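Q: Here are the chains, one letter per residue:
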Amino acid sequence: MTNAPIMTPETIVNVSLALLLLGLPLVAQTMGEPFYITLATRIAILALAAVGLNIALGLGGLVSFGHAAFFGLGGYAAGILATHAFDGVPLFAGIPGTASMPIIWLVAVLVCGMIALPIGAISLRTAGVYFIMITLAFAQMIYYFAVSWPAYGGEDGLSIYVRNEFPGVNTAQPLSYFLICYAVLMLALGLFWLLRGSRFGASLQAARQNATRLSAVGIAPFNIRLVAFAISAMVTGLAGALFADLNKFVSPSMLSWHMSGELIVLIILGGKGRLFGPVAGAMLYVLFEFALGGITERWQFFLGLILLGVVLFARGGLLGLLAGKARHG
Amino acid sequence: MSIALLLEQLLNGLQLGVMLFLMAAGLTLIFGVMGLINLAHGSLYMIGAFACAAVAAATGSFWIGLAASLVAAAAAGAIIEVTVIRRLYDRDHLDQVLATFALILIFSEGTRWLFGSFPLYLDIPPLLQGAVPLPGGGQYQLYRLAIIGVGVVVALGLYVLISRTRLGMRIRAGESDREMIAALGVDIRTLYTVVFALGAALAGLAGALVGALQSVQVGMGEPALILAFVVIVIGGIGSIKGALLGAILVGVVDTMGRFLLPKALALMIPAAQAGPIGAALASMLIYIVMALILAFRPSGLFATQS
Amino acid sequence: MKKIIAAGIFGLSLAASGLAYAEPVKIGVITTLSGGGAGLGVDMRDAFALAMKQSGNKDVELVVEDDAQKPEIAVQLAEKMIQSDKVDLLTGIIWSNLAMAVVPNAVAQDVIYLSPNAGPSALAGAKCNKNYFNVAYQNDNFHEAMGQYANKDYKKTFILAPNYPAGKDSLTGFKRYYKGELAGEVYTQVGQTDYAAEIAQIRDSGADSVFFFLPGGMGISFMKQYAQSGVNIPVMGPGFSFDQDILPAVGDAALGVKNSASWSKDLDNEANKQFVEAFQAEYKRLPSVYAAQSWDTANLILSALGKASVKDKDAFRAALKAADFKSVRGGFTFNTNNHPVQNIYVREVIKEGDVLTNKIVATAFEHHKDAYADQCKM
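Chains as they are written, first to last, in the UniProt record's numbering: chain V, 1 to 329; chain P, 1 to 306; chain C, 1 to 378.
Warning: the hint list may mix true and false statements.
[As the list claims (entries may be wrong)] In silico DSS-like links for lysine-lysine, alpha-carbon gap of 27 Å or less:
1) C:K58 with C:K377
2) C:K156 with P:K263
3) P:K263 with C:K369
[Said to hold, decoys possible] Here are the simulated distance ranges between beta carbons:
4) P:L267 with C:L255: 36 to 42 Å
5) P:L134 with V:F222: 31 to 37 Å
6) C:A126 with V:L117: 36 to 42 Å
No lab work stands behind these hints: they were computed from the structure.
Since we're looking at a predicted model, the values are computed, not measured.
From the three backbone atoms N, C-alpha and C, an ideal C-beta is built for every residue, glycine too.
Put together the whole structure using the sequences plus the hints.
A: Here is the structure:
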């Protein structure tokens, strides 16, 4: 499978979405409305988390209902390292905490990868609804652990008192922090694009469509899926670390099944398996949430109606509407 | 720790299991026949509880409330089946998850709109108050015993319905071959609506029965929903027998875990730490059990479908 | 029933801004208006809006939004209110975990936050802040009062709370003053709905009393099941599980239970009489302790606005700290860590006609201070 030629409708939509997300905070900056930069940062980070899930779900057909686990683990990696750095107390065995984002990201990604491998290895023995539910079960285990584990705040969560540092950038400035998140999002989209076009991506999609045939040509679907699941978890974990720094706070609610559900919602809203689906989905979802929340305290009722409308009448999500049917998958 | 206490805790586990079965039976039936994941099943449970509480408050009778809960949940089920769910049967699980997730938001806020923000009152009926003696000197609450009884009746009723009646024959046919049954001239749309309403009524019944024990409030369906999913996955999706055994397993494991784990840990580590750590382990226990079962039997204990 | 529906429908009307002749003041209210915990937020919001309306102060504008009891949403709303609405003051949060998410960052941006309910120990001790005023209680206070009161009648208490920080703080607070023996100490699951296993343990433990902290629906479930179980060991707890928002749902099961709070409907002072009357007239229901604390928060703000400009932070903080307002709790002053010094009462659940409510039976502490003030360097 080759990637689409340069200027298909989908490419135009993708470029427009990327520019729109970049433009919003720049306009907000000149108008002196820093809150909209924060909102755009939130969109970028949720989109990043959903790009991670989209690797498993969109390419591999692995509907994980437990990706909040990785989102939260990434968040806790940032929170725990920052707390130890702030208090000057070593983590364990004399290893200090750190406030450096690159190191935190590395730790978040490695932790998520290491935890995703055993979870994936067990979960991938199942399929279909069983897979959906066993990933949920693992996420619930981690959720309950975090709620009742006293060392890092339990249900009260963990505050990050000063946003972590990135070499050469003042992360306390909303626009600078947005640009970091935006750059990471673009890199992750690049990774998704590369994966989709690669032999690995082709095998992954083949495993989704016909696992038996893939085994027949000597490729084990299990291994391919496991690697995809781990990469997916690592990207979502990275998003979690960024989210913790955005809110300067991490708590078990990042690990809750609602969060897993929201990540799935983002992907379907935008268009499953599409490169920019998660970006479109995150933009729509955050804007709905923000705009409705400002209008009425019954906002969740109307959010539900809108989501229902999208599922029933706008198949293929926003990208399906804007750029037509997916050309693959 | 006396034998009577142990026996009482086992009964508590069994009773929790029966409640879960009422939830899980509808869920697994709907999945088995229509292939639909229904996250809004917990909302139907909530509707049952609210209907029972509201009607019982208005009429003064728990029993009329109970009947109302069945009617309200079945009606709500039929309405969403006809307006929304019907369009989802041939979609993938992903669309079903999103649509029924949206239904949860709508039902939760809609209920709060109708009934206000404060929890409602519902108590067990006078007929079922009090306790019965247990062997070994303990006693057990009559109402909880009655719930176990309801569970047994529902389990038997479902067995008879599915194996002995015309409707059951169609349900079984629908499970094994959806196209064939339509080709044979069975009105598949009505069948689906009936099955969905039946599942909804069971959830409403569970909600009403539990409503007398717990807090009747918005959001009460979500923890029950997650547990019901654990149950049907352990039991094997689509299998009523699996749902029954899965429910009892989850109920007993959860209750005994909460009861025994802190005590067991206290033998090894100081009591001050054993309490919280034991409680933390107990809350993770059923998910650990579920992961273990699926690791060795990827389609649950009694899978009906390959 | 009717009362509840009326409350729900009424909900939306708010005191809005009038003429901007003097200096307009914007107050951001972040509270829980949807989901299972909405009752507390609605009481908070209603009492706050009513206090503002009754004051006749036309310069105050309220920005009210729903946090859905989710920390991430609360954080986002706080950012929006600070950066976009440019509020002068923030208030409204009900839950400790949401307060922990919002307060440290808000006060670091030099925004004054007034807590109408939650009081996590971290914010009272080492992480206290000159911009953070707690107008409610420190989380341990009600539990400490119950521990103190239990010494009078009980020697062997069974205690239980959910397995999260507020639950552990609760039992720690109880044990800080309780001198008797413990018949058992159990941590339940957060959001647990069935307590049969715990009640069986209580029956078996030989306890002479039970202390529990199970906020919201957990407490309703526990009390109903406890009463139904026929175990007749006396129960006590902090006022949260026996307040006006919850009592109708618990029903007669709660009759006679002793519980602790800083406020009760029958507290005999002029401010309280006015408050209870006004709240009942406006919303056709009895106020809860959350409403009382919120009413006090609003009146504290109004008193400070009368003395200093909200733009002059130092003067305004000093005006707040003076606590020169008529509290419905009677005496109210701030300790060095900006947390209350107040009486904590023991109340008993009684029936007035058909309505379950509380009456004060004892005073557990006079001018009580929290245990963390020494750790606060301010």
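Q: Please go over all the hints and tell whether each is borne out by the structure.
A: Status of the hints after comparison with the structure:
1. As the CA atoms of C:K58 and C:K377 are separated by approximately 37 Å, the hinted pair breaks the 27 Å bound.
2. Under the criterion of a C-alpha separation no larger than 27 Å, the hint pairing C:K156 with P:K263 is consistent with the structure, at around 19 Å.
3. Our distance criterion of 27 Å between C-alpha atoms is broken by P:K263 and C:K369, whose separation comes to about 36 Å.
4. At roughly 40 Å, the beta-carbon separation of P:L267 and C:L255 lies within the given 36 to 42 Å, and the hint holds.
5. Separation of P:L134 from V:F222 is about 50 Å and departs from the stated range, judged on CB atoms against 31 to 37 Å.
6. One distance hint, 36 to 42 Å for the beta-carbon pair C:A126 and V:L117, holds here, with the actual separation near 39 Å.
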